[in-house]
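Working from the sequences, and respecting the hints, build out all of it.
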Amino acid sequence: MAEGRRLQRIGRTAKDPVKLRRAIVVLMSAQGQPVPDIAHLLNCSPDYARGVIHDFNNVGFKALDPKWSGGRPRTISDAVRRRICLIARCCPRDLDLPFATWSLSKLAEHLVAVGVVASISRESLRQILREGGTSRQAIKTWKASSDPDFIAKMTCVLDLYDNPPADGRVVCVDEFGPLNLQPRPGRAWRPEGEPDRQRATFHRYDGVRHMPAALDLVTGKILYRIRHRKRRREFLSFLKVLRARWPTQKLYRVLDNLSPHKHPCVRAWAAGNEVELVFLPTYASWLNWIECEFTAPRYFALNGTDHQSHTEQGTAIADHMRWRNTRALPKHHFAPDSVIRTWTDYKTNVA
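In the numbering used here, the protein residues as written are 1248 to 1598.
No wet-lab data here; the hints were simulated from the structure. Since we're looking at a predicted model, the values are computed, not measured. Watch out, some of these pointers could steer you wrong.
[To be verified] For each label pair, taking beta carbons as the anchor points, the in silico distance ranges come out as:
#1 Trp1570 to Cys1332: 42 to 50 Å
#2 Ser1506 to His1580: 28 to 36 Å
#3 His1287 to Gln1255: 18 to 26 Å
[Claimed, not checked] Derived pair list, reagent style SDA-like, types lysine to any residue, alpha-carbon separation capped at 20 Å:
#4 Lys1314 to Arg1268
#5 Lys1477 to Thr1558
#6 Lys1390 to Tyr1530
#7 Lys1578 to Thr1466
#8 Lys1477 to Thr1466
#9 Lys1390 to Tyr1408
#10 Lys1266 to Arg1253
#11 Lys1353 to Ser1382
In this text, a Cβ means the ideal position worked out from N, Cα and C, and glycines have one as well.
This is the structure in structure tokens:
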């Protein structure tokens, strides 16, 4: 009776379907049901039902627990898996093959041809590479700087980010653009199989616009203007706008080496108006904090659009910038864990 009550409790509470089915087989057998009827009601074979009953009679309730074996043992050893990942990371041309990149099919054929494995499917190969931490990635480029004072300039910029001067305000300045009137690719949530469509033929009759912008590290807000040209006149006009925005503070402008930024007129005006121009090292615009802030307006205000006029496009940018600035936070901790923090000399192969 105790076993019967325990079997009934298992039948009510068991979450494992295998354990539940085995408990029902034993209960029905204890109630006098013949094996063919049990097999018919549970949609299983008579041999399965007899095996469960015999196992329960021999070992008791342990026979109800499923015995997962974990599937077929691996046929490819760990050493062979490591070798497969190593070959996948090699350039095929280094192995005297007439192509520059691997596909799963070509890699599988090569592994069989050189005797690494007897046979392997593309899916097994994909899983081995994933488990080995090898994935298919886009090749990136790195623009090496030719600036002999790279470390000194980088240290100066990082020090401004980490320890803003008490007597002034750090502002990162750069140009966003050019802003063309053209259909821009993008992504959108749409019903499956019904992507949004844009025209593929267009003309740029209305020219381009340029957007000088400044990131205030104290508030995290971006101040910008849209101009027809990108010359020293437009840049100097934008600097005067920033000077009027913070009239009582010295301004430290972090900016790249664009020629209008270094024009003698710009330098003379900056020297007479408490504006210090802090230039980045050559080919190191990634040190300018405002660069990463341009991703959001490009993605949310321009991508996936087809503006018909510069006024319409400027309104879209203004709406996004207004929304962004109301949620802006002060900027702290520029790349705190980056390898650039440990550089004592410039490395040209840091990609």
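Going down the list of hints, with the structure as the test:
no.: 1; hint: Trp1570 to Cys1332: 42 to 50 Å; in the structure: 46 Å, holds
no.: 2; hint: Ser1506 to His1580: 28 to 36 Å; in the structure: 32 Å, holds
no.: 3; hint: His1287 to Gln1255: 18 to 26 Å; in the structure: 22 Å, holds
no.: 4; hint: Lys1314 to Arg1268; in the structure: 14 Å, holds
no.: 5; hint: Lys1477 to Thr1558; in the structure: 18 Å, holds
no.: 6; hint: Lys1390 to Tyr1530; in the structure: 6 Å, holds
no.: 7; hint: Lys1578 to Thr1466; in the structure: 7 Å, holds
no.: 8; hint: Lys1477 to Thr1466; in the structure: 26 Å, violated
no.: 9; hint: Lys1390 to Tyr1408; in the structure: 23 Å, violated
no.: 10; hint: Lys1266 to Arg1253; in the structure: 13 Å, holds
no.: 11; hint: Lys1353 to Ser1382; in the structure: 16 Å, holds
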